[in-house]
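> Protein chains in written order, with this note's numbering: chain A, 1 to 138; chain B, 1 to 138.
To be clear, the hints were calculated from the coordinates, so they are not data collected in a lab. Take these hints with a grain of salt, some might be off.
Same chains, same label: a pair holds when it works inside one copy or across any pair of copies.
Said to hold, decoys possible - Keeping only pairs whose Cα atoms sit at most 20 Å apart, straight-line, the calculated SDA-like set for lysine to any residue is:
no., residue 1, residue 2
1, Lys20, Gly65
2, Lys20, Pro80
3, Lys20, Gly36
4, Lys20, Cys97
5, Lys6, Gly36
6, Lys6, Cys97
7, Lys6, Arg60
8, Lys20, Gly38
9, Lys20, Gly10
10, Lys6, Asp64
11, Lys6, Lys20
12, Lys20, Asn8
13, Lys6, Gly81
14, Lys6, Thr24
15, Lys6, Ser29
16, Lys20, Ile9
17, Lys20, Ala37
18, Lys20, Pro34
19, Lys20, Met1
20, Lys6, Asp19
21, Lys20, Gly73
22, Lys20, Ala72
There are 2 protein chains.
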Amino acid sequence: MTNYTKINIGTEDRAELHDKLGLTGAEVSVNRLPAGAGVPFVHSHRRNEEIYGILAGAGRAVIDGENVSLAAGDWLRGRPGCQATVLRGGGFRRHLCLHSSQGGLPGRLHRGGRRRALNQRSGQGGTGTALTAPLDGK
Amino acid sequence: MTNYTKINIGTEDRAELHDKLGLTGAEVSVNRLPAGAGVPFVHSHRRNEEIYGILAGAGRAVIDGENVSLAAGDWLRGRPGCQATVLRGGGFRRHLCLHSSQGGLPGRLHRGGRRRALNQRSGQGGTGTALTAPLDGK
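Let the hints inform the model, and build the full structure from the sequences given.
As structure tokens, then:
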């Protein structure tokens with residue numbers, strides 16, 4: 001058994017990755033909404049952080065009654081308990097929705113980002129030379 | 001205080017969203033690797049699921065020594081403990097890396113996806129009418 005799972009989501013309007021990838025720590029969906037379309041319901045979650053990433057196109061969310069404009073490159077986090085998270089509008093050509101459990105990943109994986117990572121590199125090419133310890137203890 | 005945080009990641013080669021969005025259940029980074037460039041180290045995580053989504057471009061990962069071709073639309077999950085996860089190659093014009101805690105989100109949020117969600121809609125337009133309960137109990 002390999003230690004990874006790989007899929008291609010093709011060109012579907014909505015791909016839910018949980019079952020396809022065997023996820024246990026997050027829910028991820030990749031979505032396309034035609035111009036003028038929207039998600040016709042309002043929802044909330046008690047414990048989940050909800051993250052939206054706009055990959056292409058533009059539109060808006062309505063959160064607790066407030067209109068929030070969204071365009072490509074925007075990322076939005078909704079706290080657990082926010083009463084309304086609705087995407088609609090001008091056509092999100094591609095957006096990503098991600099759930100994880102609030103507090104489920106304590107601490108900080110990236111500290112100084114790539115710079116830190118480069119300092120820990122194990123070889124110029126990284127061709128199979130494993131670090132003796134995980135980068136982050138996680 | 002609003003119940004959401006919104007940022008724009010602009011055109012940086014790497015955007016780490018943890019601090020910018022105040023994430024507590026996931027780590028998300030959005031990355032660009034020029035053609036021919038790669039991440040020059042091999043790493044692993046003890047508890048984290050690692051998810052890669054290729055948004056544009058193509059390249060490859062090396063996982064436990066195995067070359068895995070990746071192109072736009074591909075999503076890959078690495079199990080905790082996989083000894084090598086390295087991206088490199090032909091230029092990932094945009095890819096996403098996501099961490100969450102294995103087992104941190106038990107159960108299943110989406111069951112039947114949009115179809116189920118539509119059955120629970122609270123109004124045709126969803127204009128501010130909240131459901132009386134969260135969609136999923138989370």
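> State for each hint whether it applies.
A quick look at each hint next to the structure:
Taking the shortest alpha-carbon separations for Lys20 and Gly65, neither the intra-copy value of 34 Å nor the inter-copy value of 23 Å comes in at or below 20 Å. Taking identical chains as interchangeable, the C-alpha atoms of Lys20 and Pro80 lie at most 20 Å apart only when they sit on different chains, with a minimum of 17 Å there against 26 Å within one chain. When the C-alpha separation of Lys20 and Gly36 is checked against a cutoff of 20 Å, the pair qualifies neither within a copy, at 29 Å, nor between copies, at 30 Å. With identical chains, the CA atoms of Lys20 and Cys97 are at most 20 Å apart both within one copy (16 Å) and between copies (17 Å).
For the homomeric pair Lys6 and Gly36, neither the shortest alpha-carbon distance inside one copy (33 Å) nor that between copies (22 Å) is at most 20 Å. For the identical chains of this complex, Lys6 and Cys97 are neighbours both inside a copy (19 Å) and across copies (14 Å), given an alpha-carbon limit of 20 Å. Within a single copy, Lys6 and Arg60 get their C-alpha atoms only as close as 31 Å, which misses the 20 Å cut-off; across copies the closest is 12 Å, which meets it. Proximity of Lys20 and Gly38 under a CA criterion of 20 Å is satisfied in neither setting, with 25 Å inside one chain copy and 27 Å between copies.
Only within a single protomer do Lys20 and Gly10 lie at most 20 Å apart by alpha-carbon distance; the minimum there is 13 Å, versus 30 Å between protomers. For the homomeric pair Lys6 and Asp64, the shortest alpha-carbon distance between copies (14 Å) is at most 20 Å, but the shortest distance inside one copy (37 Å) is not. Taking the shortest Cα distances, Lys6 and Lys20 sit within 20 Å of each other inside one copy (9 Å), while across copies they are farther apart (29 Å). In the homo-oligomer, the alpha carbons of Lys20 and Asn8 lie at most 20 Å apart inside one protomer (10 Å), although the nearest pairing across protomers, at 29 Å, exceeds that limit.
When the C-alpha separation of Lys6 and Gly81 is checked against a cutoff of 20 Å, the pair qualifies only between copies, where the shortest distance is 17 Å, while the shortest distance within a copy is 33 Å. Taking identical chains as interchangeable, the C-alpha atoms of Lys6 and Thr24 lie at most 20 Å apart only when both belong to the same chain, with a minimum of 15 Å there against 26 Å between chains. Taking CA atoms no more than 20 Å apart as the test, Lys6 paired with Ser29 passes in both settings, with 15 Å inside one copy and 19 Å between copies. Taking the shortest Cα distances, Lys20 and Ile9 sit within 20 Å of each other inside one copy (9 Å), while across copies they are farther apart (28 Å).
Taking the shortest Cα distances, Lys20 and Ala37 never come within 20 Å of each other, neither inside one copy (26 Å) nor across copies (29 Å). Taking the shortest Cα distances, Lys20 and Pro34 never come within 20 Å of each other, neither inside one copy (24 Å) nor across copies (29 Å). Taking the closest pair of Cα atoms, Lys20 and Met1 come within 20 Å of each other only inside a single copy of the chain (16 Å); across copies the shortest separation is 37 Å, beyond that limit. For the homomeric pair Lys6 and Asp19, the shortest alpha-carbon distance inside one copy (12 Å) is at most 20 Å, but the shortest distance between copies (29 Å) is not.
Proximity of Lys20 and Gly73 under a CA criterion of 20 Å is satisfied inter-copy only: 13 Å between copies versus 26 Å inside one chain copy. Taking identical chains as interchangeable, the C-alpha atoms of Lys20 and Ala72 lie at most 20 Å apart only when they sit on different chains, with a minimum of 17 Å there against 26 Å within one chain.
Hint check: violations occur at hints 1, 3, 5, 8, 17, 18; the rest are consistent with the structure.
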